[in-house]
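Participant: Take a look at the letters that make up each chain.
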Amino acid sequence: MADLGYLSLVLAFIVTLYGIAISLIGAWRRDELLALSGRNALFAVAALVTLATVAMWYLLISNDFSNEYVASHSERSLPLFYRFSALWGGQAGSLLFWGFMMALYNVALTAVVWKRDLKRGAYLVATLLAVQLFFLTIVLFAANPFNRLWVLPSGATTGAIFRPEGAALFIPADGSGLNPLLQNYWMVFHPIFLYLGYVGLTLPMALAVANLAAGKLDNSWAREVRVWNLIPWIFLTIGILMGSQWAYLELGWGGFWAWDPVENASLIPWLTATAFLHSIMIQQQRGMLKVWNVTLAFLGFWLVIIGTFITRSGIIDSVHSFALSNVGPLFLSFILLTFVGFLALLWQRLPQLQSDAELDSMLSRESAFLYVNVLFLVATFATLFGTLFPIISEGITNTKIAVSAPYFNKVDGPIFLGILLLMGIGPLLGWRRSSPGMLRKSLAPPTAFALATIAVIYLIVTRQWLPVLAWGVCALVLGTIFWEYFRGARARRSVTGESWPLALLRVMARNQRRYGGYIVHLGVIMIALAIVGATTFQFNLKKSLSLNEEATLAGYTFTYTGLESEKASNHDIMIANVLVEKNGKIVGTLKPRMNFYANISGRDMGPTTEVGLRTNLVEDVYIVFNGWEDNGSLAAFEFFVNPLMLWMWLGGIVMVIGTTFAIWPLPKPAPRRVPAASVVTN
Amino acid sequence: MMRRLLLALIFLLLLAAPALAQEGDPADALQKDLWCPICQGIRLDVCDQKVCEQMREMIDQELAAGNSPEQIKAQFIELYGPVVLGEPPRQGFYLTAWILPILLLVAGLAVVVWLTRRWVQKPATAPAAIATAAASPETAPDPYLARVEKELQDL
Amino acid sequence: MNNAVTSSPGAGDQPPRSRRGGVILFGALALVGIGLLAVFYYGILNPPSRRASEGLAPDFQITTYDGEAMALSDFRGTPVVLNFWASWCVPCRDEQPLLQAYWQRYQGEVVFLGLNYLDQRPNALAYLAEFGVTYPNGPDMGSRIYSAYRVQGVPETFFIDAAGQVQGVHVGPMTARDLEQRISQLLNPTF
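Chains as they are written, first to last, in our numbering: chain A, 1 to 682; chain B, 1001 to 1155; chain C, 2001 to 2191.
Isolated chain A, as found in the complex (with noise of 0.2 Å):
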């Protein structure tokens, strides 16, 4: 099975080659055969791919400790699913797993938008395959998920394909495990969204590198693209969210968002990705800013590779970075080659790329659209140099400055504001123009939302500036979202008299975009709730208890009753009993707990804790479990109550449903009330 998957990475290497030189021909040519020939080489490239991972499925779950892979990321004892799931747990294998992602998005892709246009096509196909290249030559080059285990003479043990001078092949009796903290469900799924999030944000890219490089300057990218750029942002967005959802319940610390380097990394091209999803809006609607157009799907994908390099490379510590390996250079290549390429392509290009159309006034639709575009990107910027900080402040000062999260809340938290208070003006701007009159007349009904917000929360709940601030600025965008609804069905209505709700549905259906977008805008802003509610309301408290001892906290107490131990296959648990009371009141018994996983990669991780947890819609009682004496007659916990976190995931779902509208193919009605001059010409 190894020397399949190695075999089948081998031929897929060289028909990625081959595939890239004869589209490039065939697109100089332009002969049909040989693009087509480019196009059936992805198509193969794909098979070889999938067929390579398969393999290595087959060798973890078959247990195979002769490869060094599996070996060192599996054992007997792991659960079916981990073994599953160890694909991605480590350096070599999440590698192959992104090339077979990469491999299946470039299928489909391609198939959907190959069509006739013979040039663009080819140019598409090679682009696609240069990426997957970049990831079959680390794969084979640098980190192969395939090295078999070998003996040296010296009796040390190393990982390669082939036997090195005087190695004998080395099978061990067991593997040393999977990383305990990976082995969690939200683990499992994580990191599948993630992957499929950053390299779908390829295809943005492909596409704009093809229609640069065909000479294909017109708008219609902008319509194609859309989809292509939506379907990998919303698995990134729920990659980023089951994240957090992971540190959340897993790293025991009440919270779920670090800026650690890693979480970064996914969050930075979401920034951008988010950017382009909305100013490829203006030139869909408008035909303007092409070249800032071309530059964010470049961005994206440009910022995938930089955020893999920054986690992968070993060049910033990092908790949960993959060990140090020699694949940075590689990386750096890559983001150098891209850099370069694209810069050229655009610069040749450039005369080309100018706006079809202007503005009447300087509010307008459009100009939100930019605003907010700035504020993404200067968030991008400032999280990548706040990432990057530590390596940029030793180089020029010799101290090695810490970034986390004071910074970033610092800097991004108020763009975030900004952004949020656009997605609240925003929507009731004109196209092309507006005016300080009309604006204010039709932001009065979300304003005084807003403000009557305020005013209760300010009364009721606190009187810390930051919620109020923050809270009120959501109240302005829901305000919004629903007077657009409103707005939307009222007019319907006057024309067709149809009922409200028929008239919402049938507006809603037909601008899917537009109303699916202010469902994303409302899952965003319950978010936004969360986070400013679970930020500055949190409670924590520090105790170790006795048996039957009681802590109080924020209304809530809290008796331990005893441990209980149990077994699993690979580890042991250790579960300490809380009983939970609410104003006298039994709320039930949470259990939280900690596993000792034996043998891991030969150095001792530490028990994993798994929080207590129990949720609704206004808090969470969370309680971390650290350790015990005396068989259990003392135990040490860590009880939180985090207010507002399931709207978190809760917004998760909404802005999945909304994107799910946004691009759902809905049988579009005949144009009939269109009137004649305004009927598409394409």
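Source of the hints: derived by calculation from the structure; they are not laboratory data.
Where hints are given, some of them may not hold.
Pulled a few chain A residues facing chain C out of the computed Cβ check, cut under 7 Å [as the list claims (entries may be wrong)]:
(1) 314
(2) 388
(3) 392
(4) 399
(5) 400
As a list, the in silico BS3-like pairs of lysine-lysine whose alpha-carbon atoms are at most 30 Å apart [unchecked claim]:
(6) B:1032 x A:543
(7) B:1050 x A:591
(8) A:591 x A:567
(9) B:1032 x A:542
(10) A:542 x B:1050
(11) A:542 x B:1073
(12) B:1073 x A:582
(13) B:1073 x A:591
(14) A:410 x B:1050
Partial list, computed: chain A residues near chain C (C-beta under 10 Å) [stated by the list, open to error]:
(15) 291
(16) 292
(17) 306
(18) 310
(19) 313
(20) 335
(21) 342
(22) 347
(23) 351
(24) 633
(25) 634
(26) 636
C-beta atoms are modelled at their ideal positions from N, C-alpha and C, and glycine is treated no differently.
Dock chains B and C against the given chain A, drawing on the hints supplied.
Facilitator: Just chains B and C, lined up with the frame of chain A:
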């Protein structure tokens, strides 16, 4: 109406301002303001490293000795280094981390103002044609939405 | 700016000034990209794992817990064993008796210097008293020396020869054999 609402908002925020000064337990507040020097992004109050335990003890002792939270923070910076702040100190080269994002923001906003101004100044060429040239079937003007859009524009 | 190339249909009737935005954007992108690449290149050359394990040992001044001011360069001519430790560090406790014993054995031949990292005076003094440490120890104020030596955690020990060159680093607690071997290398550079 808007102006009055805005005034009310400003008034409310002014009322809220004193809340800034109100703080609970100073030890707790200080713990929430400092960061574990050997972890990454873990606040002092939730960290269970031994270094952090010692730091929390020091906070209690120094507060009991009558030192102000600011003094204690300065002591930590002198002894442990700026790492306890979790952010670049606001001095010398480290200021770039604070100033660059602001500069970029100002520059970005200036560019947008400059761009939109230029676009506005250009003579309009047959607006109707342009408005629909790029529109796709998906965004083909829904007559109802057009009504909403029209409402948004100054007439 | 290159105004000559306006070949694409439809572009010709646009005033050329509308290209300025694209050029500015292009320039900004190039600038940011080059900056980033420079940072990454530096990062690749200096990963956190690359300690100050060779070359001239960075000089520093400390004031020991006995109130004595000293600099590393004061010891030029004598090999130095430079140990980073902390009172909260559990593995440091394993090697502390060894360090004291070897200092007593090689007194006069080798200088031992302890640098106390992320620690407070009372805790440090209690730790030194517990192990009866008599070689000079002082706080690494603001973790500056730690940073200059690119230490990654305590305990870590640097071996500096008579010429002030770093001969090696030991990461983590040392055994008697480790220490014996390193010191004999310092004393017999040809070995």
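Participant: Honestly, which of those hints from before does the structure not fit?
Facilitator: 12, 13, 24, 25, 26
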